[in-house]
Amino acid sequence: MSYAIGIGFLNICLVLLLSPFLEGIIRKIRAFIHSRKGPPLKQPYYDLLKLLGKENLVVSPNFLIRWAPIVCLATILIAGLLIPMGTIRPPLSVAGDVIVFIYFITLAAVVIMMAAAASENPYAHIGASREMMMLLTVEPVIAIALITGAINAHSFRISDIVMWNLAHGPTVSMGIAGLSVFLIVQAQLGKLPFDIPEADQEIMGGVFIEMSGPKYALFKWAFLAKQVIFASLLCQVFIPWPTTFILWLDVLVNLVKVLIIVIFVCIIDVVNPRLRIDQAIKYFFIIIFVALMGLVFALVQA
Amino acid sequence: MLQKWCKKAFPKSLWVYHANTGACNGCDIEVINVLTPYYDAERFGIKLVGSPRHADVLLVSGPVTRQVEPALRRLFEAVPSPKLVIAIGSCACGGGIWYDSYNVVGGVDKILQVDFYVPGCPPRPEAILYGVAVALGIAPKKIASIKLKEKSLEECIKK
Ligand code: SF4
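Residue numbers (my numbering), protein chains in the order written: chain B, 1 to 302; chain L, 303 to 461.
Just chain L, with the same shape it has in the complex (with noise of 0.2 Å):
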């Protein structure tokens, strides 16, 4: 019973830590804001800590560079197991204006498996809230996937 107890609180008490893997430290500000008494994240429980031993949620800003890399392996590694990681801002989500630069690897998913993305250069408060707040279900998804096909060749002419 405890364990489903637990279960249950996790999406309501998320603290996040927060990341930089290269960000030009736009991502980082907006970030910051959504924490400030105007948007108040901590009515939704968010709370930014500053050990990677004591946060549920891994916010990564920034395209992720060679030198980055195996740094943020290892932080991945120190969060204790019920985790997301949440890609915040352009670079992060596919390396951004940086995407073929010798010196990065590319966005985050190429190291870790990303659960939410945020878009964006930087995301404004608002989209960093409401990515977030879709992560927790309480905003519905605008955005649906949809599937592209091809017709052949013989369909074309058909018509």
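Here chain B stands alone, though its shape is the one from the complex (with noise of 0.2 Å):
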């Protein structure tokens, strides 16, 4: 049990904190690519303790907009506890598995339409809008790469996909949907071809676009705590090699993975225009039948 907590423990520690520090890496990384000199490493921990010490406006009488927030990180660092960073078994596999984890995702996001379409703001409402045809194509690449870990595995503990992962070594269906993953992470972090939903000059922040203060702040935290945990489900559960079983090296092989991601993805950020809403379903909906075919591919082999 104290191991549990203990480890629960670390995962917060990593999405919470560590969070802003991988951010400010992106942005050194943008500015490298910008030929420019970057804000200093530090500026996302400054950005979020302005942002946290603002006057938190009220845009509306609505309860929504003000719980919105709280319940969206809560729920994303619960899906933080679902996943395990450098260990086998998540810290809170007693309570639940792949369902969960994607159960409290999809409710993050769900929170943040809500917040949007309550805060009146049409802008607000565009964003809403497309924040769930986004939701609703790549929701489901997510749900078909964990199933297809899930039938490989006979069991929908991600400890044990993982542990099948380990002993197998790399297969088909689990490239496959490690792949699929990969590419919709870039999606599901707001990331550029896809930060649709947000569009900063486009629809003006869009779901954000009358969240002021505080409120921003914990909207922000929680996407950067989506990153860790993203790029850990990516390279824990899909790519979990090298496993040593020794807890800290496996954390700083974790954090290293992690950081290769998040790179990746700045990367495909900096040099890629956004699409537009149909451009990026159409390309999500290949992705589906992609993730579908990994699932086919563990139905055979099983």
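Honestly, the hints are just simulated from the structure, not real lab data. Incorrect hints may appear among the rest.
Once the Cα atoms are required to be at most 25 Å apart in a straight line, the calculated DSS-like pairs of lysine-lysine come out as [to be verified]:
1. L:Lys449 <-> L:Lys460
2. B:Lys28 <-> L:Lys449
3. B:Lys37 <-> L:Lys314
4. L:Lys349 <-> B:Lys191
5. L:Lys460 <-> B:Lys42
6. B:Lys42 <-> B:Lys28
7. L:Lys309 <-> L:Lys349
8. B:Lys28 <-> L:Lys349
9. B:Lys28 <-> L:Lys314
10. B:Lys37 <-> L:Lys349
11. B:Lys42 <-> L:Lys309
12. B:Lys257 <-> B:Lys191
13. B:Lys37 <-> L:Lys310
14. L:Lys310 <-> B:Lys28
15. B:Lys42 <-> B:Lys257
16. B:Lys42 <-> L:Lys349
17. L:Lys314 <-> B:Lys42
18. L:Lys412 <-> L:Lys453
19. L:Lys449 <-> B:Lys42
Not close to chain B: a few residues of chain L, all C-beta gaps over 12 Å, as computed [to be verified]:
20. Lys309
21. Phe312
22. Lys314
23. Leu316
24. Gly328
25. Asp330
26. Ser353
27. Gln369
28. Ile399
29. Tyr401
30. Lys412
31. Glu428
32. Lys453
Just so it is clear, the structure is predicted and the values come from calculations on it, not from any experiment. Ideal placement from N, C-alpha and C gives every residue a C-beta, glycine not left out.
Put the two chains together into one complex, using the hints given.
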């Protein structure tokens, strides 16, 4: 029990405290590609602190808008507890498995959508409807990829999937599932070819347009935490090699892998323009078919 | 303690909302220039945001016309509380060449309390960056206020 609490503490620390640092690295790399100097690595911490210290404007009497940021960050944190970060067993594995993880990730997006719809701003409504379309096409890919793993391992537990993956080495079905998750990570993190619901230049921050001060800080923090969670999901569940079963070494390896994935995501983000929502959805449908192919492979091999 | 940290973080991450209140677009182009990779305002943590709800700094360029005055007031209210107003360009500082136009109220300081002025028509990007740096306390002020006193007639005669 105390082991689980310790690992949970580690996960929360990684997800909450380390994620702004990763963002700082991303901004440095982006600056490097633009051939400029870029903000200091601590910049995202400053941003979050500043936003937390600002006035919390009441834009609407609706209670949704007040509670949505807290619920969003909380769900993301729970999702972070359901994903292994350097261990085989996620700390909250007593409470649930793959399906609960998918629930919580979806809930975070739905909460953002509801807050946007409650903020009575036309731009936020556009953002919310785009977010909905993205959600309906992106979420199935994650679900299919995780179910592929579940079929392979004959178990919905994430630890079983990881163990199966470790025991069988790279397989076609898990490779395809991992690839489709990698292609979807960009959209889940709201990075550039797919930052359609937030679209800064186009709909002025879209879903977040009415969020001021602390509310915006919590949403931003949730997004930063999502980066770590999805990168960990990808590199722990689908590419779990090398695993040494020594705790600190595994945590370190996980961090390095997360960093590599985040750098990939950043480079794709810098060199791409934003897609229109219909183009993006076409692309996601292709990825859904790719993921389904992985599922078929898993069924055949089983 | 958190409050103290928040206060400390404020000057290190200024998010800017740019409002054109009737500028001829000269100032706007210079403001955009500051944000290009060449001048790289992001290294001070400055970022252009699209929504006043996210902003800390209101960059106002241009003389305030009668039409835009109520909108500017509402815009100021939309920015959450620790906030700065910087007037960019001669027009925003005091009306500029349109100081006595029938449709112009005057400089921004007639409507809002302006914290920093960056004069020039249009101010060079270097000047805008310098103004912001003074605001952040990175660069020293190059001007000081001086008081001029009128001598009385007797003092003049004595000499
Ligand atoms: S200060 Fe000069 S450049 Fe700027 S808005 Fe006025 S006239 Fe145009």
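Here is how each hint holds up against the structure:
1. For the hint linking L:Lys449 to L:Lys460, the alpha-carbon distance of about 23 Å falls within 25 Å, and the restraint holds.
2. Annotation: proposed proximity of B:Lys28 to L:Lys449 is violated, straight-line Cα distance about 47 Å (limit 25 Å).
3. Taking the CA atoms of B:Lys37 and L:Lys314, the gap is about 16 Å. The hint holds against a cut of 25 Å.
4. In summary, the hint linking L:Lys349 to B:Lys191 is supported, as the alpha carbons are separated by about 17 Å, within the 25 Å threshold.
5. Under the criterion of a C-alpha separation no larger than 25 Å, the hint pairing L:Lys460 with B:Lys42 is inconsistent with the structure, at around 64 Å.
6. This hinted pair checks out: B:Lys42 and B:Lys28 have alpha carbons roughly 11 Å apart, not beyond 25 Å.
7. The straight-line distance between the Cα atoms of L:Lys309 and L:Lys349 is roughly 18 Å, inside the 25 Å bound, and the hint therefore holds.
8. Among the hinted pairs, B:Lys28 with L:Lys349 is consistent with the structure: their alpha-carbon atoms are about 14 Å apart, no more than 25 Å.
9. Under the criterion of a C-alpha separation no larger than 25 Å, the hint pairing B:Lys28 with L:Lys314 is consistent with the structure, at around 16 Å.
10. The straight-line distance between the Cα atoms of B:Lys37 and L:Lys349 is roughly 14 Å, inside the 25 Å bound, and the hint therefore holds.
11. Distance restraint check for B:Lys42 and L:Lys309: the Cα-Cα separation of roughly 16 Å lies within the 25 Å cut-off, and the hinted pair is therefore satisfied.
12. Distance check on the hinted pair: B:Lys257 and B:Lys191 sit about 19 Å apart at the alpha-carbon level, within 25 Å; holds.
13. A threshold of 25 Å between alpha carbons decides the hint, and for B:Lys37 with L:Lys310 the separation of about 23 Å falls inside it, so the pair holds.
14. With a C-alpha separation of about 22 Å, the suggested pairing of L:Lys310 with B:Lys28 holds against the 25 Å cut-off.
15. Proposed proximity of B:Lys42 and B:Lys257 is supported: the alpha carbons are some 21 Å apart, at most 25 Å.
16. Between B:Lys42 and L:Lys349, the direct Cα distance comes to roughly 15 Å. Compliance with the 25 Å bound is thereby established for this hinted pair.
17. Between L:Lys314 and B:Lys42, the direct Cα distance comes to roughly 10 Å. Compliance with the 25 Å bound is thereby established for this hinted pair.
18. Our distance criterion of 25 Å between C-alpha atoms is broken by L:Lys412 and L:Lys453, whose separation comes to about 32 Å.
19. At most 25 Å may separate the alpha-carbon atoms for a hinted pair to count; L:Lys449 and B:Lys42 exceed this at roughly 43 Å.
20. A beta-carbon of chain B is positioned within 12 Å of the beta-carbon of L:Lys309; the least distance is around 6 Å.
21. For L:Phe312, the shortest C-beta to C-beta distance to chain B comes to about 5 Å, within the 12 Å cut-off, and the non-interface label is violated.
22. Chain B draws L:Lys314 into its interface by the beta-carbon criterion, the shortest separation being 4 Å against a cut-off of 12 Å.
23. Not every Cβ of chain B is farther than 12 Å from the Cβ of L:Leu316; the closest lies at roughly 8 Å, contradicting the non-interface assignment.
24. Every CB of chain B is more than 12 Å from the CB of L:Gly328 (nearest about 22 Å), matching its label as outside the interface.
25. At roughly 15 Å from the closest C-beta of chain B, the C-beta of L:Asp330 stays outside 12 Å, upholding its exclusion from the interface.
26. Distance to chain B contradicts L:Ser353 as a non-interface residue, since its nearest Cβ pair spans about 5 Å, not more than 12 Å.
27. For L:Gln369, the shortest C-beta to C-beta distance to chain B comes to about 22 Å, beyond the 12 Å cut-off, and the non-interface label holds.
28. In this structure L:Ile399 is separated from chain B by more than 12 Å, as the shortest Cβ-Cβ distance comes to about 32 Å.
29. With a cut of 12 Å on Cβ distances, L:Tyr401 stays outside the contact zone with chain B, its closest approach being about 32 Å.
30. Look at L:Lys412: its CB is around 25 Å from the nearest CB on chain B, clear of 12 Å, so calling it non-interface holds up.
31. For L:Glu428, the shortest C-beta to C-beta distance to chain B comes to about 16 Å, beyond the 12 Å cut-off, and the non-interface label holds.
32. Non-interface call for L:Lys453 relative to chain B: holds, since the shortest CB-CB distance, roughly 50 Å, exceeds 12 Å.
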